[in-house]
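Asks: One-letter residues, chain by chain:
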Amino acid sequence: MKEEYDIIVVGAGPAGSIAARYAAQNGAFVLVLEKDRDVGYPVRCGEAISREGLEAFIKPDKRWINAEITKFGFVAPNGKKVVINLGKVEGYMLERRIFDYELAKTASVAGAEILTRAYVNDLIKENGKVAGVKFEFRGEQKQIKCKIVIGADGVESRVGRWAGLETHIDFRDMESCFQVTASNVKCDQDALFFYFGKEVAPEGYFWVFPKGKGTANIGLGVSGGVGKKRSALSYLNNNLENFFPTANILTQVAGGVPSVVALEKMAAPGIMLVGDAARQVNPLSGGGISSGMIGASIAGRLAAQSIKNNDLNYINNYHKEWKKLRGKKHDFLDKIKDGLFNFTDEQFNNLIESMLKLPEKKRTVGRFFMIALKNKPSLLKEIAKVFVV
Amino acid sequence: MLSYLPIQLIPILPIKMNYRQAKTGKLLIDILPNKCDFCGCCVGVCPEDAIELKEAEIYIIDPRCTNCAKCIWSCPIEVIKFNKEGVLEK
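Protein sequences appear in the order of chains R and A. Going by the numbering used here, the residue at position 224 of the first sequence is 224; the numbering climbs one at a time, nothing skipped. Going by the numbering used here, the residue at position 84 of the second sequence is 84; the numbering climbs one at a time, nothing skipped.
Treat the hints with care, since some could be wrong.
Claimed, not checked - Here are the computed lysine-lysine pairs in the BS3-like style, where the Cα-Cα straight-line distance is at most 25 Å:
(1) R/Lys229 x A/Lys81
(2) R/Lys125 x A/Lys54
(3) R/Lys308 x R/Lys125
(4) R/Lys2 x R/Lys308
(5) A/Lys23 x R/Lys228
(6) R/Lys80 x R/Lys125
(7) R/Lys229 x A/Lys35
(8) R/Lys213 x R/Lys71
(9) A/Lys81 x A/Lys35
(10) R/Lys362 x R/Lys329
(11) R/Lys71 x R/Lys88
(12) R/Lys129 x R/Lys2
(13) R/Lys134 x R/Lys329
(14) R/Lys105 x A/Lys84
(15) R/Lys80 x R/Lys374
(16) R/Lys105 x R/Lys59
(17) R/Lys62 x R/Lys213
(18) R/Lys229 x A/Lys84
(19) R/Lys134 x A/Lys54
(20) A/Lys26 x R/Lys228
(21) A/Lys81 x R/Lys228
(22) R/Lys357 x R/Lys88
(23) R/Lys145 x R/Lys2
(24) R/Lys145 x R/Lys125
(25) R/Lys198 x R/Lys229
(26) R/Lys145 x A/Lys54
(27) R/Lys71 x R/Lys186
(28) R/Lys228 x A/Lys35
(29) R/Lys229 x A/Lys26
(30) R/Lys228 x A/Lys84
(31) A/Lys54 x R/Lys142
Hints listed in this document are in silico derivations from the structure and should not be mistaken for laboratory results.
Turn these sequences into a full structure, and let the hints guide you.
Replies: Below you can see the structure in the form of structure tokens.
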């Protein structure tokens with residue numbers, strides 16, 4: 001460990017590792033601080049990722065891919081289901097325990113140092129700019145100075161707040177999740193299944209994603225508004241009993257997804273936020289690995305370039321680049337999410353019914369949401385606004 | 001039954017009750033650390049930055065808490081409790 005670094009990344013999830021890798025590749029001295037004792041554990045994630053999103057950052061490897069996804073399935077509250085065949089491999093199910101570690105390895109190979117069990121509890125500020133971090137390591141309080149801090153500390157991010165960024169998330173936008181991995185689950189090993197309904201997962205969805213050999217990642221998310229009355233855990237227990245009574249639980253964990261568009265302000269002097277910390281999550285699906293990695297790659301590169309050019313204001317381009325690559329798309333998806341949130345069970349039933357009426361070849365994921373929109377004409381107006389802006 | 005109690009214990013029974021102090025009066029929220037999964041939902045929704053979460057350690061920073069209850073609503077496993085009587089200090 002050196003006395004001073006160019007860039008310190010807080011958190012070694014996918015976003016943290018990618019930010020560190022891109023920063024190191026662009027010539028910066030990088031240190032990654034991770035609060036847990038290992039990278040990639042515990043897994044708080046549905047573990048599905050699109051093929052495109054993954055392949056942009058790492059070559060798919062059998063060691064951490066559990067299943068190849070060629071189908072999407074949607075299940076209505078009345079039990080009817082529609083399966084959409086994508087025709088080819090469009091997504092993967094990851095083994096995050098190994099995947100996160102492999103990503104961290106690529107950061108390390110690029111030149112970043114990684115320190116686990118280092119709990120960041122404050123920032124060093126100098127002349128109104130973030131200039132380093134304070135952290136607890138093996139029972140000792142330490143501090144290291146740096147030019148730029150990249151906060152990749154996930155849904156529970158506090159680094160941004162300490163720098164004066166408004167990162168707290170409205171409880172209605174927080175999807176409280178509970179998930180299990182289980183064996184002895186009868187499910188298609190090449191399809192992602194989404195269940196909807198007020199009894200199943202109000203203001204969210206219940207997922208069943210295959211993990212190979214009859215195992216699956218099963219979980220659900222409900223919004224904080226729902227959680228006021230009933231917790232995610234109790235909904236999940238209910239669903240497991242109804243849909244998979246014979247499942248053997250292997251692991252179980254709680255988690256949270258900030259299902260909302262990214263922060264207005266993701267950077268301040270000397271600090272940038274990436275991944276869940278910056279709310280770079282697909283607001284409709286709650287998927288955050290690939291968009292987090294995209295955000296992180298922009299941040300890592302800009303941070304290293306700004307140090308190389310000796311112009312720390314260069315990081316202010318972050319928001320513009322994010323907007324171009326993902327931001328606009330997320331604004332759009334957020335509107336669809338708002339619409340689906342308010343769907344009644346009957347509307348979901350009708351939606352699946354209209355999909356089933358289509359010939360199999362015409363069933364696409366895009367069409368699914370198009371029909372959803374037709375059910376809510378008011379939503380079209382909202383979406384039009386997004387495109388006008 | 002009472003006669004089985006060691007005599008020294010009897011004067012200690014009325015424990016002195018000290019309420020932990022939140023920013024807005026009595027602290028009414030308590031996180032049950034033994035049942036917590038350390039997922040961070042509560043930290044994300046806390047408007048006051050009043051929750052400290054380490055690898056497997058969680059607690060409320062009392063003077064910052066405003067008893068707004070958002071952490072309770074967002075907890076996926078109901079291990080944050082609202083206690084109308086106030087949280088007792090040991």
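Asks: Now tell me, hint by hint, if it's right for this structure.
Replies: Evaluated hints:
no.	hint	result
1	R/Lys229 x A/Lys81	holds (13 Å)
2	R/Lys125 x A/Lys54	holds (22 Å)
3	R/Lys308 x R/Lys125	holds (21 Å)
4	R/Lys2 x R/Lys308	holds (19 Å)
5	A/Lys23 x R/Lys228	holds (23 Å)
6	R/Lys80 x R/Lys125	violated (57 Å)
7	R/Lys229 x A/Lys35	holds (19 Å)
8	R/Lys213 x R/Lys71	holds (18 Å)
9	A/Lys81 x A/Lys35	holds (11 Å)
10	R/Lys362 x R/Lys329	holds (24 Å)
11	R/Lys71 x R/Lys88	holds (8 Å)
12	R/Lys129 x R/Lys2	holds (21 Å)
13	R/Lys134 x R/Lys329	violated (36 Å)
14	R/Lys105 x A/Lys84	violated (49 Å)
15	R/Lys80 x R/Lys374	holds (20 Å)
16	R/Lys105 x R/Lys59	holds (13 Å)
17	R/Lys62 x R/Lys213	holds (14 Å)
18	R/Lys229 x A/Lys84	holds (17 Å)
19	R/Lys134 x A/Lys54	holds (14 Å)
20	A/Lys26 x R/Lys228	holds (22 Å)
21	A/Lys81 x R/Lys228	holds (12 Å)
22	R/Lys357 x R/Lys88	holds (23 Å)
23	R/Lys145 x R/Lys2	holds (10 Å)
24	R/Lys145 x R/Lys125	holds (10 Å)
25	R/Lys198 x R/Lys229	holds (13 Å)
26	R/Lys145 x A/Lys54	holds (22 Å)
27	R/Lys71 x R/Lys186	holds (16 Å)
28	R/Lys228 x A/Lys35	holds (19 Å)
29	R/Lys229 x A/Lys26	holds (24 Å)
30	R/Lys228 x A/Lys84	holds (17 Å)
31	A/Lys54 x R/Lys142	holds (16 Å)
Consistency note: the structure conflicts with the earlier hints numbered 6, 13 and 14.
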